[in-house]
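*Asks:* Residue numbers (our numbering), protein chains in the order written: chain A, 1 to 322; chain B, 1001 to 1161; chain C, 2001 to 2499.
Keep in mind that the hints are not guaranteed to be accurate.
[To be verified] In silico SDA-like links for lysine to any residue, alpha-carbon gap of 25 Å or less:
no., chain 1, residue 1, chain 2, residue 2
1, C, Lys2295, C, Leu2463
2, C, Lys2295, B, Pro1077
3, C, Lys2295, B, Arg1078
4, C, Lys2295, B, Glu1079
5, A, Lys179, C, Leu2463
6, A, Lys276, A, Lys287
7, A, Lys281, A, Ser316
8, C, Lys2295, B, Val1053
9, A, Lys57, A, Asp290
10, A, Lys31, A, Lys150
11, C, Lys2186, B, Arg1078
Calculated from the structure, these hints are not laboratory results.
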Amino acid sequence: MIPFHTRLFGAVVALTLAAGGPALAQQLELKIMAPAAPGGGWDQTARSMQQALVAAKIARSVQVTNVAGAGGSVGIAQFVNGAKGDGNQMMVNGFVMVGALAMNKSPVTLEQVTPIARLTEEIQVIVVPANSPIKTAQDLAAAVKADIAKVTFAGGSAGGVDHVMAALFAGTIGADAKKINYIPFSGGGESLAAILGGKVTAGISGLSEYEGQIKSGKLRALGVTSENRIAGSDIPTFKEQGIDLVLANWRSVVAPPGITPEQRKTLSDAVEKMVKSDAWKDILKQKGWDDAYLGGDAFTDFLKKETTRVTDVLKSVGLVKS
Amino acid sequence: MTDLPRGPAARRVDRAGVVIALALAALAAVLVWDSRQLPATTMYGMGPEVMPVVIAIGLGLLAIGNLIDALRGDLPPRESADPRAVLLIFGGLVLLIAIIGLGGGFILATSALFVTTSAAFGRRAILADSAIAVVMSTLIYLAFDRLLTLSLPAGPLERLL
Amino acid sequence: METFAALAHGMAVAVQPMNLLYALVGVFLGTAVGVLPGIGPALTVALLLPVTYKLDPGGSLIMFAGIYYGGMYGGSTTAILINTPGESASMATALEGNKMAKAGRGGPALATAAIGSFVAGTLATIGLAFLAPWLVDFAVRFGPEDYFALMCVAFVTVSATFGDSPIRGLTSLFIGLTLGLVGIDKLTGQARLAFGIPELLDGVEVTTLAVGLFAVGEALYVASRRHHAEEKIEPVRGSLWMTMEDWKRSWKAWLRGTMFGFPIGALPAGGAEIPTFLSYSTERRLSKHPEEFGKGAIEGVAGPEAANNASAAGTLVPLLTLGLPTSATAAMMLAGFQQYGLNPGPLLFAERPDLVWGLIASLFIANVMLLVLNLPLVGLWVKLLAIPQPWLYAGILVFATMGTIAAKPSVVELSMLAGFGVLGFLMRRFDFPIAPVVVGLILGPIAESQLRRALAISLGDPLVLLQSPMSATLLGIALIALLAPFVLKGLDRFRASED
């Protein structure tokens, strides 16, 4: 038996939602910029937001625009200059943009945008071919310490999350990050061939990219970068192997500079409501993304810390001149 | 776009060929200059500054090869060209870029290109062509915008749709 | 035996009425979009990807197979009828096919392309079903140095195949290589030849270059020569169908094209360019009518077209078994898988055999649809040439710029398109071959990356290029192919002076 006042409360909430939902929805006509070409991760994030915001009746209409170029450098420049003060625009961004802006000497930085929220993240993994003599993360650390030049890491583009992770790995175990022999490949598939063919020592990538090969036994996962072991997975974290390497490839959404606190609150509320909607949860499940919602000032701090950390690492490997 | 004389039957210096050779040499120089700006940061193997120099050497050799061909007059014969048609189409492209750059939108921009190109191919019915162009680019715009949800640049005309 | 059972099961999935309909819609849409000048299969698949969002994974992948093949066929149609190949792989087709169309044999050219695509696609799909595991084992052993050597062979054969003079072919190639340098260096993140323009950091877009050189350049060139009456596009005369003679000359080319296309397409980074050019030069060498090449030889359409389709099926081998996309189109296919959270790889074969084998089976279905749909429509496509020349070229330029405007509507990108158009015009005027520029742009950066990866792994020791038997052999072939024309030319001159 449900107490009467609870039922009443429920009815009131339902009524408010029914009345307030469409009212709010009518106000919001959003534009979301994906600073990349159609099809990539940022584009998919922007289009998923579009889908969820409209399906959950949070916004009346959402338009996605693509401005491709240089890891987001072109997009953010246009966003900061063109959308200044516009409370109906947002832009998707992520870890990769931090490095890209630093390396391209972009005049526009992430400090200029108004942070809204982190949305998703992906855990990173280091793998070796199944027949490699290296069995654990400590074995790899020992090999790096013995002769850093001979340990070749295959991963994604220079200055991206894989590269940063290789440098962090070397730094964490006390080796010289500047001396890592990191070999960038243009995609997970291409690096996979080099790893399976035994051309390189180890491979670095997002977990989902290599998950199939790890499960089928062609690759051995040495460790993942999550804080705690992933539920239902037998891959150890680096942390439990005594290597303090915690990192994730995150994606987030930001607003233009110069918007009022009220405008910022409207956007933050809309995104928070979207993250809690069933439509968004369905999309996450479908795409295999991990929910990593972090809003408000906590996200602002996070963004600042990540920017400092990534820029420092890129300086240490000589990709960014200090 | 100078109207060049008909291909030389007799062997004599081909001026256009000499210009091509010089352009290739200039391109090689740009490559070398640009690669000098790159910091050598690579720890292992080959840095990004090596390949431009290799290609520049190749371009230099090809400039010499093209120069020899030009001095010998060893180039295939050319027919006369109509510079007006080329300039019309080029003008259409410039117009298209300007309209897109100034926010005039897809329909106006491509219509301008359509009309100038059609004129370059000898049509003089500018009004009829303009009508065809606007209808066609409007249909393309709608197909992309509504069916494929790919946003083409919008200007005053697009906002009326 | 296992393969048979799995394939039979896949067929049962694919021939369900709904799935047949998806395949038909896919082929039709793919052809309709692919036939637009300047839009290649990758762009076709990219543009039509949203159409499949609403379907379940099985139906969507089946429609995808249709779009893929339809887009490829549409691309060849454009290449043949208006000489604007949407991708480098249909460049060889454009060479002979467009000449055939201009000589009033557009019908047979389209027919041999359609039937050749069908034959090659069917054979290559059988190959895909049976040889996937074995081919993957072989392909995986290719190291960076082997890829570099393979690219060198491609460079030399490409610049030697096109044009009359090796110096002109190489000049075109080196212009392409120079353009390939523009942008952020993939291995160190340093910007080259970008001159501080942010739009240049991503490098020169292949589609922008190809559309500029081919579509815009061609329009400028044709306009400049309009007063030469003989250059008018001739109306299509004669039969739309292939004669006995055409069949006789085509069937061997189809089979040879398949033999080039499938294995090379299955190599990671093999792609469709190399087999189509190899097929073209082979047909030219083996033909009983070598004098017709460059003027509209049907073998020059049949072979490369078969090679193109076979390599498309070939690229599915690394894509499905390893998750390796080796072409732009395959990368778009991968995106199609990923929208359902599916990661192609050995595990997908084990966990979702219904999907993988359903897709392979629907490749057969899509091939049949292609033939059923496009042979009757050959007449319709040929009619495209009946459009008055001013409107035809005006329309081509609108579609050509539309592709760029849709992908990157920036002033810089459009200016590059116009600039490449002028370059294409000048190269046509001064008789430089155009295809090597595009090939240089595509393969140059890959070759450089692979070379530098090989050297990074060997810690800077160049001998690594000779230590791999595969790489040493391929480099030897490239060197011989590079020097041969100069040596032969010297001999010719020697002989000539003796007379």
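*Asks:* All the hints need checking, so say for each whether the structure fits it.
*Replies:* A quick look at each hint next to the structure:
no.: 1; hint: C/Lys2295 x C/Leu2463; in the structure: 45 Å, violated
no.: 2; hint: C/Lys2295 x B/Pro1077; in the structure: 18 Å, holds
no.: 3; hint: C/Lys2295 x B/Arg1078; in the structure: 19 Å, holds
no.: 4; hint: C/Lys2295 x B/Glu1079; in the structure: 19 Å, holds
no.: 5; hint: A/Lys179 x C/Leu2463; in the structure: 23 Å, holds
no.: 6; hint: A/Lys276 x A/Lys287; in the structure: 17 Å, holds
no.: 7; hint: A/Lys281 x A/Ser316; in the structure: 39 Å, violated
no.: 8; hint: C/Lys2295 x B/Val1053; in the structure: 39 Å, violated
no.: 9; hint: A/Lys57 x A/Asp290; in the structure: 23 Å, holds
no.: 10; hint: A/Lys31 x A/Lys150; in the structure: 49 Å, violated
no.: 11; hint: C/Lys2186 x B/Arg1078; in the structure: 41 Å, violated
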